[in-house]
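**Student:** Given next are the chains, with one letter for each unit.
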Amino acid sequence: MNSGSNLQKILEAGHFAFTGELGPPRGANAETVRKKAEFLKGMVDSVNITDNQTAMVRMSSWAASLIAIQEGLEPNYQMVCRDRNRLAMQADILGAYAHGIRNILCLSGDHQQFGDHPQCKGVFDIDSIQLIGMVKKMRDEGKFLGGADIDTPPKMFIGAAANPFADPFEWRVYRLAKKIAAGADFIQTQCIYNMEKMRKWVKQANDMGLTEKVYILAGITPMKSIGMARYMKSKVPGMDVPNEVIKRLQGVDKKKVADEGIKMACEQIEEFKEMKGVAGVHLMAIEWEHKVPEIAERAKVLPRPQVD
Amino acid sequence: MIVAERKPFEEIKAMVKDYSKVLTVGCGTCVAVCLAGGEKEVSILNAELKMTRKLDNSPIELGAITLERQCDMEFLDELEDTVGGYDALLSMACGAGIQFLAERYPEIPVLPAVNTTFIGVNKDVGWYEERCRGCGDCVLDRTAGICPVTMCAKGLFNGPCGGTNQGNCEISNDQPCAWFMIYERLEKQGRLENITSIFPPADWRNQTPRTVIQPGYKERQKA
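Protein chains in written order, with our numbering: chain B, 1 to 308; chain L, 1001 to 1223.
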């Protein structure tokens, strides 16, 4: 299957992929998207455009993806199951593809209770694994979920998320297997801080032969501050931040904490470059897009390869 | 059983403000068990309404009756001789009972005194928890007797999602993760293969009014 996705080309050529993230604005300001895009251009193979992340209303993911394309970036169009039923999802996938979007990341979505419209009706007509299967069916069979033929099927490169740290740990690799069986081509993981657990999870995936069927991109979010590390540890569900991470940040001069965070991220990236079963890194520099060039430089992932 | 909660008093008071003769109709089944709309609750509500209307210098005449079941025509017939004398009927049954009462006596306004909340269980006297959404396509055989539609905050069929937090749901540390529990129970039973295959998208054709017709009913109609 050739989606025409740059990310797919990079991965299939065996390069170590490097993807970024761009959160659309809380308003109709296209300039905000363009400004963030500027920092990412040439630095990443594809950029995730989040979909109402943390259940807060933002510019729609497909719309911000189109602006990203105009700015010379390749979007990885995120779609959550919380806000749309299968009709709206398939319609958006057709429209996104028609406009040149080639990657889609299929997610359940944070519960609506977290956001700015906790009164809303969570849709969850299908779940993330069923969404992966639906996109695959549209692509490979040229059929809608309901069974009817599609005139010009959308050939998406299909992504999914994995959280190796959420409970129960023993089940996580099986859920990864389910996502692959449903049709995921690539996986982006939750932010990784607990390297020991990550190594164990990747080993399980290797042992089960899963990494031969899917490209795993390890999720990296550099810590900006000790406060952020504490927040991630205690407040973000499914996040695993070992005490050593916080201790290491506490051990440096106050002004150097962010720098130390980037240094830790770079050390992780170096390890992932060598780790069997890991095909790349997904950098989620949340509201820190301007730091991406520096991080990419220090992580020695530049220049990004060109594959035709 | 069906669990309901009495509406806030002010809301009920506002609902009946234009009526001076109201019959409060309790239901002796589910809502009586969950202490929301049985005989005792009817008399408490009437006493409160009577008192407040008296203080407001707008007295109200209230009747009280509790039927065996408001979701059964046979029992609704019992009201036939009494309803004519009332301006409105204040039902304390579940939403089904309220509607059936309104259907049986369409010429009289029927008002709800309770909010019907869920199909649930009796954890203790006065403590009820939801367990079923009546989706119409039960999967409890595969999910170790734990309903993913009801007990998972996202209604996922292929959980647990990445928000599982030490066995709890991302929405609250007081809410256990349904899929964590499903995993644990299936593992203990040695039946994890139940959830290694993918659950296909659900058939949500439960959003139009549903009807159940038993074979016995069909046979009776034919005869």
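Honestly, the hints are just simulated from the structure, not real lab data. Where hints are given, some of them may not hold.
Simulated pairs of lysine to any residue, SDA-like, Cα-Cα distance not exceeding 25 angstroms [unchecked claim]: (1) L:K1050 to L:E1074; (2) B:K224 to B:A91; (3) B:K121 to L:P1201; (4) B:K276 to B:P168; (5) B:K137 to L:N1173; (6) B:K136 to B:N2; (7) B:K121 to L:T1196; (8) L:K1188 to B:K247; (9) B:K233 to L:K1040; (10) B:K136 to L:I1198; (11) B:K200 to L:S1197; (12) L:K1188 to B:M208; (13) B:K121 to L:T1208; (14) B:K136 to L:A1202; (15) B:K137 to L:S1197; (16) B:K121 to B:D140; (17) B:K247 to L:N1165; (18) L:K1040 to L:E1068; (19) B:K200 to L:K1188; (20) B:K213 to L:N1173; (21) B:K197 to L:P1176; (22) B:K213 to L:F1199; (23) B:K197 to L:N1168; (24) B:K121 to L:E1068; (25) B:K233 to L:Q1175; (26) B:K121 to L:A1202; (27) B:K136 to L:R1205.
For clarity, every value in this text was computed on a predicted model and none was experimentally measured.
**Student:** Would the pair K121 (chain B) and P1201 (chain L) pass a check requiring their Cα atoms to be no farther apart than 25 angstroms?
**Tutor:** holds (19 angstroms)
**Student:** Straight-line Cα separation of K1188 (chain L) and K247 (chain B) no greater than 25 angstroms?
**Tutor:** Answer violated: K1188 (chain L) to K247 (chain B) is near 38 angstroms, above 25 angstroms.
**Student:** Checking one constraint from the list: CA of K136 (chain B) to CA of R1205 (chain L), max 25 angstroms. Satisfied?
**Tutor:** Satisfied, since the Cα-Cα distance of roughly 24 angstroms is no more than 25 angstroms.
**Student:** For the pair supplied as a hint, K233 (chain B) and K1040 (chain L), is the alpha-carbon distance within the 25 angstroms limit?
**Tutor:** Violated, at about 50 angstroms.
**Student:** Given the hint that K121 (chain B) pairs with D140 (chain B), test it: the Cα-Cα distance must not exceed 25 angstroms.
**Tutor:** violated (32 angstroms)
**Student:** Tell me if the straight-line CA distance from K121 (chain B) to T1196 (chain L) falls inside 25 angstroms.
**Tutor:** violated (29 angstroms)
**Student:** Do the alpha carbons of K276 (chain B) and P168 (chain B) lie within 25 angstroms of each other, as the hint requires?
**Tutor:** Given pair K276 (chain B), P168 (chain B) holds - Cα atoms ~24 angstroms apart, limit 25 angstroms.
**Student:** Tell me if the straight-line CA distance from K136 (chain B) to N2 (chain B) falls inside 25 angstroms.
**Tutor:** holds (13 angstroms)
**Student:** When you check the alpha-carbon spacing of K137 (chain B) and N1173 (chain L), does it fall within 25 angstroms?
**Tutor:** violated (37 angstroms)
**Student:** For K233 (chain B) and Q1175 (chain L), compute the direct alpha-carbon distance and say whether it is at most 25 angstroms.
**Tutor:** Holds, because 19 angstroms separates the two Cα atoms, which is no more than 25 angstroms.
**Student:** Within a Cα-Cα threshold of 25 angstroms, do K213 (chain B) and N1173 (chain L) meet the stated pairing?
**Tutor:** violated (36 angstroms)
**Student:** Does the alpha-carbon distance linking K121 (chain B) and T1208 (chain L) stay inside the 25 angstroms limit?
**Tutor:** At roughly 18 angstroms apart (the allowed maximum being 25 angstroms), T1208 (chain L) and K121 (chain B) satisfy the hint.
Violated hints, in rising order: 1, 2, 5, 7, 8, 9, 16, 20, 24; the structure is consistent with all others.
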